[in-house]
Amino acid sequence: SAVISQKPSRDICQRGTSLTIQCQVDSQVTMMFWYRQQPGQSLTLIATANQGSEATYESGFVIDKFPISRPNLTFSTLTVSNMSPEDSSIYLCSVGLVGNIQYFGAGTRLSVL
Amino acid sequence: QQQVKQSPQSLIVQKGGISIINCAYENTAFDYFPWYQQFPGKGPALLIAIRPDVSEKKEGRFTISFNKSAKQFSLHIMDSQPGDSATYFCAASPPGGYQKVTFGTGTKLQVIP
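In order, the protein sequences belong to chains A and B.
If you count the first sequence from 1, position 67 lands on 89 in the numbering used here, and the numbers rise without skipping.
If you count the second sequence from 1, position 41 lands on 223 in the numbering used here, and the numbers rise without skipping.
Same shape as in the complex, but just chain A (with noise of 0.2 Å):
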């Protein structure tokens, strides 16, 4: 298994601003994943974040909005930027072990004014 810390828990932000998400591991991964989750909605796979290598990012996100960074194999972060009411949203970073088994951080709870 694997314990996973998300930081911040929740942040309310303004219109056009930025806000870096981070997602501590307390082993060392090989990959990690960004989900977006909408109240009472199911996840959706925002990138995948293989250290040492470029992020993938799934259809519909591109990097200049989510920019990505994954400097070791125990940390990531995710940028959401120039920020509209549209992003308000659950962010959720999961690990994936061997086997396809994933484990979740308790996810950054979005709000944009």
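Fair warning: there could be bad hints in the mix.
Claimed, not checked - Dumping the calculated DSSO-like pairs for lysine-lysine here, alpha-carbon to alpha-carbon at most 27 Å:
id : chain 1 : residue 1 : chain 2 : residue 2
1  : A       : 87        : B       : 282
2  : B       : 250       : B       : 239
3  : B       : 282       : A       : 29
4  : B       : 224       : A       : 87
5  : B       : 253       : B       : 239
6  : B       : 253       : B       : 282
7  : A       : 29        : B       : 250
If you're looking for bench data, these hints aren't it; they were derived computationally from the structure.
Position chain B relative to chain A; hints supplied.
Just chain B now, kept in the frame of chain A:
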């Protein structure tokens, strides 16, 4: 082909009853089928998972039934308790070490006393 269809969207069960959530998939390459449990304000937590070499897996009060020919799998919660009230997501992924997981749309379960 990557979809996982989940039903029902919501479910109300009496305490002590059986909760049943169903999922169907299209991609025959999927070979890992986890269920996640999510409480309000928390990230999804891996509950139980199955691979297609078995038709059933039981862990405590939770059982996954798997029908490979019908491309369907279900979660049964026996003796449902109010503490089981949460949102449940089925998921599926193809073989390989660190593949993307496709999530179902979620089922909000409420267990009433």
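Against the structure, the hints come out as follows:
The suggested pairing of residue 87 of chain A with residue 282 of chain B holds, with an alpha-carbon distance near 21 Å, which does not exceed 27 Å. Under the criterion of a C-alpha separation no larger than 27 Å, the hint pairing residue 250 of chain B with residue 239 of chain B is consistent with the structure, at around 14 Å. A threshold of 27 Å between alpha carbons decides the hint, and for residue 282 of chain B with residue 29 of chain A the separation of about 23 Å falls inside it, so the pair holds. Between residue 224 of chain B and residue 87 of chain A, the direct Cα distance comes to roughly 25 Å. Compliance with the 27 Å bound is thereby established for this hinted pair.
Annotation: proposed proximity of residue 253 of chain B to residue 239 of chain B holds, straight-line Cα distance about 16 Å (limit 27 Å). Of the supplied pair hints, the one linking residue 253 of chain B and residue 282 of chain B holds, its CA atoms being roughly 19 Å apart against a limit of 27 Å. With a C-alpha separation of about 40 Å, the suggested pairing of residue 29 of chain A with residue 250 of chain B is violated against the 27 Å cut-off.
Checked against the numbered hints above, the structure breaks only hint 7 and satisfies the rest.
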